[in-house]
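The task is simple: from the sequences and hints, build the whole structure.
Protein chains in written order, with the numbering used here: chain A, -18 to 228; chain B, 74 to 223; chain C, 272 to 912.
No wet-lab data here; the hints were simulated from the structure. The reader is advised that the hints may include incorrect statements.
As the list claims (entries may be wrong) - Here are the simulated lysine to aspartate or glutamate pairs, DMTMM-like style, with alpha carbons at most 25 angstroms apart:
#  : chain 1 : residue 1 : chain 2 : residue 2
1  : C       : Lys872    : B       : Glu213
2  : C       : Lys872    : B       : Glu167
3  : C       : Lys428    : C       : Asp725
4  : C       : Lys324    : C       : Glu400
5  : C       : Lys577    : C       : Asp502
6  : C       : Lys475    : C       : Glu329
7  : C       : Lys560    : B       : Asp203
8  : B       : Lys220    : C       : Glu873
9  : C       : Lys893    : B       : Asp221
10 : C       : Lys619    : A       : Glu(-13)
11 : A       : Lys182    : A       : Asp215
12 : C       : Lys466    : C       : Glu425
13 : C       : Lys428    : C       : Glu444
14 : C       : Lys466    : C       : Asp585
15 : C       : Lys370    : C       : Asp442
16 : C       : Lys560    : B       : Asp87
17 : C       : Lys619    : A       : Glu99
18 : A       : Lys41     : C       : Asp731
19 : C       : Lys567    : B       : Asp99
20 : C       : Lys871    : B       : Asp99
21 : C       : Lys896    : B       : Asp87
22 : C       : Lys657    : C       : Glu625
23 : C       : Lys844    : C       : Glu785
24 : C       : Lys896    : B       : Asp203
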Amino acid sequence: MMSEKELVRFQIDGLEVEAEKGQMLLPVALEYGFEIPHLCYHEAVSPYGACRLCLVEVTKRGRTRMTTSCNYPVDAGIEVATATENVLRARRMMLELILARAPHSERILAMARSVGVEGTRFPIIEEAEDCILCGLCERVCREVVGANAITFVNRGDKREVTPPFWDPIACIACGACVYICPTDCIKMEERGDERTIVRWKRTLKMQPCKSCGKPFAPLFQLNWIIDQVQLPKDFFELCPVCRKQKK
Amino acid sequence: MTSAQLEKILKRHDHQSSNVLAILQDIQASENYLPRKTLDEVAEKLNISLARIYKLATFYRALSLTPKGRHLVNVCMGTACHVRGARMVLERLERDLGVQEGGTTQDLNFSLDTVRCVGCCSLGPVVVIDGEIYGRLNQEKASKLLKDYS
Amino acid sequence: MKGEGMRVRGLDDLIKLREKGLKRLYPDKIKMTVEMATCGISAGAHHVYEAIKDRIRERKLDITLAKSGCIGFCQREPLVDVWIPGKPRIIYQEMTPEKGVELIDLIAKGDLQKEWGLCRTEEEVIFFEDEPRRYTIESGLEGREDISLYQDVEFYKKQFKIALRNCGYIDPESIDEYTARGGYFTLHKVLHEMKSDEIINEVKRSGLRGRGGAGFLTGRKWESCQKARGDRKYVVCNADEGDPGAYMDRSVLEGDPHSVLEGMIIGAYAIGAHEGYIYVRNEYPLAVKNIGVAIKQAEEKGLLGKDILGSGFDFTVTINKGGGAFVAGESTALMASIEGYVAEPRAKHIHTVESGLWDRPTNLNNVETWANVPVIIEKGADWFSKIGTEGSKGTKIFSLVGKINNTGLIEVPMGMTLREIVYEIGGGIPDGKRFKAVQTGGPSGGCIPEALLDLPVDFDALTEAGSMMGSGGMIVMDESTCMVDVAKYFTDFLKDESCGKCTSCRDGTLRMYEILDRITKGEGKEGDIELLEEIGWATTEASLCALGGTAANPVLSTIRYFRDEYEAHIRDKRCPAGVCPALITYTIDPEACIACGKCKKECPTKAITGKKKVPHEIDQAKCIKCGTCKEVCPVDAVKVK
Chain A
-18 MMSEKELVRF QIDGLEVEAE KGQMLLPVAL EYGFEIPHLC YHEAVSPYGA CRLCLVEVTK
42 RGRTRMTTSC NYPVDAGIEV ATATENVLRA RRMMLELILA RAPHSERILA MARSVGVEGT
102 RFPIIEEAED CILCGLCERV CREVVGANAI TFVNRGDKRE VTPPFWDPIA CIACGACVYI
162 CPTDCIKMEE RGDERTIVRW KRTLKMQPCK SCGKPFAPLF QLNWIIDQVQ LPKDFFELCP
222 VCRKQKK
Chain B
74 MTSAQLEKIL KRHDHQSSNV LAILQDIQAS ENYLPRKTLD EVAEKLNISL ARIYKLATFY
134 RALSLTPKGR HLVNVCMGTA CHVRGARMVL ERLERDLGVQ EGGTTQDLNF SLDTVRCVGC
194 CSLGPVVVID GEIYGRLNQE KASKLLKDYS
Chain C
272 MKGEGMRVRG LDDLIKLREK GLKRLYPDKI KMTVEMATCG ISAGAHHVYE AIKDRIRERK
332 LDITLAKSGC IGFCQREPLV DVWIPGKPRI IYQEMTPEKG VELIDLIAKG DLQKEWGLCR
392 TEEEVIFFED EPRRYTIESG LEGREDISLY QDVEFYKKQF KIALRNCGYI DPESIDEYTA
452 RGGYFTLHKV LHEMKSDEII NEVKRSGLRG RGGAGFLTGR KWESCQKARG DRKYVVCNAD
512 EGDPGAYMDR SVLEGDPHSV LEGMIIGAYA IGAHEGYIYV RNEYPLAVKN IGVAIKQAEE
572 KGLLGKDILG SGFDFTVTIN KGGGAFVAGE STALMASIEG YVAEPRAKHI HTVESGLWDR
632 PTNLNNVETW ANVPVIIEKG ADWFSKIGTE GSKGTKIFSL VGKINNTGLI EVPMGMTLRE
692 IVYEIGGGIP DGKRFKAVQT GGPSGGCIPE ALLDLPVDFD ALTEAGSMMG SGGMIVMDES
752 TCMVDVAKYF TDFLKDESCG KCTSCRDGTL RMYEILDRIT KGEGKEGDIE LLEEIGWATT
812 EASLCALGGT AANPVLSTIR YFRDEYEAHI RDKRCPAGVC PALITYTIDP EACIACGKCK
872 KECPTKAITG KKKVPHEIDQ AKCIKCGTCK EVCPVDAVKV K
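This is the structure in structure tokens:
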């Protein structure tokens, strides 16, 4: 049975907009063309609200609050302001703080410049190795892939993302984390028949294609998928190219 | 910890994954730390990821992944103790034991940690050793206390 | 004490239990009670207890020995309470095992010990009775008039105990004694005579606001939860008291755990919840033990479980021990922890009263809030709302600690001024030093300077002054406290305790700490204060939860009221209070030094030199400012500048 999705009307920067009740504010605003900077939000995974860049001011029933838009469910009659003085002031400081963790990220530098921040006054945290603790990698690994190979460890300023016990045995080297990382600090390298997810120090041997002989994916990963989805054991004998040709 | 011993703990907590923190605390109380092997078993038996358990173990200060000393020395660094000179007591014990805050002595005799407030604020500076609370201390007195435990 | 298997099925059974309790509280023979809360024990109370116990056994005396929670005056602990039928009760202070033995020998002879007496009591005010309970005093005071009455003691005079009503008066492991002071009778009335809306209305009209720190109107919270959709609801007790310097929740759980249970059962009944959780800090082992004993006893007596007091209402309680994380005191983080996850707060747009534990309606309240509930229902909203101020009704427990003469736990009506608390109840600053500030609200609060001492203690007044009520910690500071060091201390704490999710909180506290650390090391630069203010503003505005949202308070409030101290550190590289090690020097006053050699012997870096009979000297290059020499010097010849 199809349930009626309730549509609600509200305002963003004075513009009347419409969306399904309960949808998150950020994707709605982005769809309408509002440029709200964000780093830890991605449509493939659940919103988290860590980077604090997507802050906006929301007025509801007469009360105005600064809130992150990625995890704010829209409601009828709210008034959203995406670039007030307060919002910009907060955004500038967040960018300065984030830049001190990822000073080389072109994407973040561009975001910073757009609000007038040229650099950071804070000492760079070298050990961060460009990780801004947005959590996208661990969320995609947990929620989408289901490998649970990495996680947030420790708390406060000691927080980082690592495999448990620094032992990446659950990592299937699928590269989802590499793809989703907003600062590009997780690298994937392929040398000969080995693939390495550099940040997690995970190296796996790749399976050669039965037809063309090219190594195309880690054997461990292929066996994991076969096991998870209950596929026939020879399902991944051919690489994607050869499999297409065969059809 | 043997599988049988672990099973006892899991049973006590109804094999519920929501009770994982209490389960880890029981393991910590029994083994003085959380052995990797045991955690692998917990993950398997509760059907949760090792990653989740590791996240818990590194987040909560009551849990430790490395063995703690036979005697747990906790210097209270609550505000009231702080204004009465707790930092100096801590530094003295660091010198005496040859470890930094958070460390364990080589012979595994002592672990030195801080705790933020045990609720004995009128009697600061306070040091807790193996659950015994000692108040009204200074550097000398705290140092002497350790000798009783050596 | 184990329960005796007698189930309490109704009012008659409850009355029988009360009778047993009364006999325990006021026996026909001499009874000595040692106050054994954690504070008492850390002062040596259990050694006193053992000494008295041994003496009783040795001399085969017919004296009962008991224990109780803390009556609040921690400075004077160990405290021993002596009950002799027909005489006023006397509380003895600063007891030792030797004094305990001496005391019991005197009492056995029929003699009176006066010098060690803290106070005497001749009656008890019980909220659940119309008249004060007066002791039958047969042959006059017989010399006891020299011991002040409880209500005349400076520390106690202005207090009014509601949440602390039973602490120090009952054995926390005796459910009988709890009922003997009125406990569980209110529950009976509630379950048999009152409807849910009536109860919630009473709590609303009372004006009770959450005692954990947020100060949200309790009645309104209960109402939202009761109205929330869902047939399975929860009530939670937040006993994760993490503010360093605050220990009122510990005291209530150790001294009067049933008061919390009774409050929770009443709340659960009003809201329609059948399951409760009590989340206690694991750093409070005695509190965990005592609440566990109380739950077991209540279950044995049928006051928890199925068909409570024959009303048909079912309710069970589970204890969860914290894992050593301050942030778990935040309500959504606490719930995440109960669910088996790390204590990470989540967004507030989803109200926990509608969707909390396992997405079900959950009502969370602090220990002190729950403990107030039975009295509010018993005496009524009108009675309660007459106490306190317009915006803050009732009383509040404060932990008065730090540089103050009378340290301990106090409970006073809201609206009392800080001056009254510090100078009248607290007895002023020791050693003739000058008052500097009182820090309220723990790491979420701020410092109140001397100029604002006439501020009434009230949720709104404290917030306006840049601080907050918080859980009630009140840390008094004098001229020898460095306010920059205090700001650094709190920021260090918050940086460690931050869950680490939000950029603003995690990196905000880190960066504020780095700057404060530099300033206290003499490496401050022009512009640091302004940068602190900027980071502080952003941390407050951008953070998800109250930890980050209030993390800047200690920094901002000390800058607001003690900017000159910051400037002295930055511009003059000087610490006016003589605290920051990098900015002070230890020297030996040659005129006071008696060349005893003690400091030379104890110095860990061998920085002190001096021959016999020659005043000693400290080599500044080797000195690590550890303070050992100052501590061991018998003539106080070591000066700190």
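> Hints broken by the structure, by number, lowest first?
Replying inline: 4, 6, 9, 11, 12, 13, 17, 20, 21, 22, 24
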